[in-house]
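K.L.:
Residue numbers (the UniProt record's numbering), protein chains in the order written: chain A, 1 to 156; chain B, 1 to 331.
No lab work stands behind these hints, which were simulated from the structure alone. Beta carbons are placed, not taken as given, at the ideal position from N, Cα and C, and that holds for glycine.
Chain A regions said to be covered by chain B (calculated; three or more residues, Cβ under 8 Å):
#, region
1, 40-46
2, 81-88
3, 117-126
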Amino acid sequence: MSLVNLGHFCSHMQNASRAGLSITAIMSSKLHLGIALALQDHGFISSVTRGDSAGPDAEETPTTQENIATRRLWISLKYYDNEPVLSKMKLVSKPKKRIHMGIQGLQKLVAGEQHGFVQPLEAGEVMLLSTDRGVIMEARQAVERRIGGQLLCRVR
Amino acid sequence: MNVARPLRRLLQIPPRGARQLTTTTLNPYHHRRTLKAKPESYTTPPPSPYTEGEISKLSKYYTDTQLASLLAGESAIDPTHFHHRHRQPDHDPMKLKYLDDLSTLDPILDAPSGPQTYTPGHPLQPIPRLDDLLTPSASTTNSSTGDPPWFHEVSLRTGFSVAEIRRLRTKILASHSVVNQTHMGKIRRIYCLAVAGNGNGLVGIGEGKSVEHSEAQRIATYMAVRNMMPVPRYEDRTIFGNLDIKVGAVELKLFSRPPGFGLRTSQYIFEIAKCLGLSDLSAKVSRSRNPMNVCKATIQALRSQKLPETIARGRGKKLVDVRKVYYNGAV
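Assemble the whole structure, with the sequences as input and the hints as a guide.
P.N.:
Rendered as structure tokens:
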């Protein structure tokens with residue numbers, strides 16, 4: 001799991017939103033796909049499509065040894081009332097310092113209190129974490145299921 | 001039942017605050033058929049005169065003379081003629097319903113009357129100037145109250161009444177001297193920054209510069225009242241969420257606080273919050289703390305608040321205030 005590439009993903013989302021792009025490409029990886037689908041579930045982006053470096057695929061293309069270097073994930077961004085819907089996306093765990101949190105800490109964050117070195121969640125802010133259930137989850141969902149995990153990024 | 005006696009409809013008025021049971025608007029595209037009065041037989045009994053109780057109910061809505069003339073008018077009309085009245089069909093449901101009184105000329109919207117001679121290079125219709133409206137002759141000035149003259153001018157420009165302008169909370173937050181080097185030498189002027197607000201959702205800042213201190217203060221306050229804008233408040237006491245912005249060299253953090261917390265901020269942010277009508281706020285100013293720029297940063301931060309409704313609409317999600325829904329506003 002590469003947090004370096006996830007860091008690039010976060011920066012690129014912010015830059016693309018500020019530039020007002022409608023679709024943008026990121027590196028295709030399992031972690032990025034999980035994060036993108038979670039963002040789509042929470043309404044930050046409208047679609048996630050596989051594609052190559054030129055653009056999204058017109059029809060489904062299998063990933064093979066020949067084309068893997070050019071495979072991308074194409075994400076379409078949302079804008080409302082002259083403002084981007086996804087304006088800030090920031091890593092929580094850094095490559096040099098991973099932050100794991102259990103249910104107690106997550107409950108505090110979701111309730112609006114700081115825990116450890118992690119700032120509390122603002123109104124409408126979403127924190128994505130990787131859990132041992134095999135899926136990227138949002139902090140409030142993890143609290144419902146009473147599980148913790150590694151905090152990946154926060155989006156608002 | 002109440003076609004021939006319209007006043008009867010008033011007796012069946014629903015109580016104040018009764019719910020409108022439908023949100024459907026009136027259909028402007030009335031079919032010709034529906035405009036004709038429904039055929040009623042002449043064997044319907046003539047309408048009975050109003051009873052004492054009904055007259056007393058009606059006297060709640062009308063004065064005695066009004067009621068007498070209305071009853072006289074109703075009795076003068078033949079019920080059969082009233083029954084056969086037809087409204088001219090609305091052939092154009094999209095026509096504008098004029099609310100203006102077109103019998104008097106509006107100084108801005110109406111073309112001038114009288115002979116107009118064309119001079120090349122100038123428009124035929126003189127461009128209306130707001131200053132013409134602000135001269136004392138054009139307006140009804142009440143100089144006996146002792147109000148400064150700029151009250152009336154700003155009242156005309158903003159649309160607030162002079163009484164409302166008198167009740168506004170204003171304060172000079174920053175003032176210092178500025179120098180301009182011209183061919184005549186150094187011209188020293190005083191700069192003032194003022195904040196104005198009604199304590200209930202409107203706030204604005206204004207700047208004024210003049211050779212005299214009092215004049216600069218007057219200009220600053222006038223501009224502050226002119227620049228007042230509505231700012232959203234959560235529960236009318238604090239801001240929506242925490243704000244973290246950088247304006248110029250001022251790094252400003254504003255924190256939303258629970259009820260009863262108070263305004264624990266520096267003096268400039270305190271005054272702006274008081275004028276706006278915030279009661280719970282916390283702030284941290286780092287990097288530059290220049291008073292003028294802190295004021296400008298605060299106003300910009302307050303206007304940059306993101307409402308939960310906007311967030312919800314952008315994401316297509318429902319945002320629920322847990323404090324209100326789950327804790328019933330107790331926490």
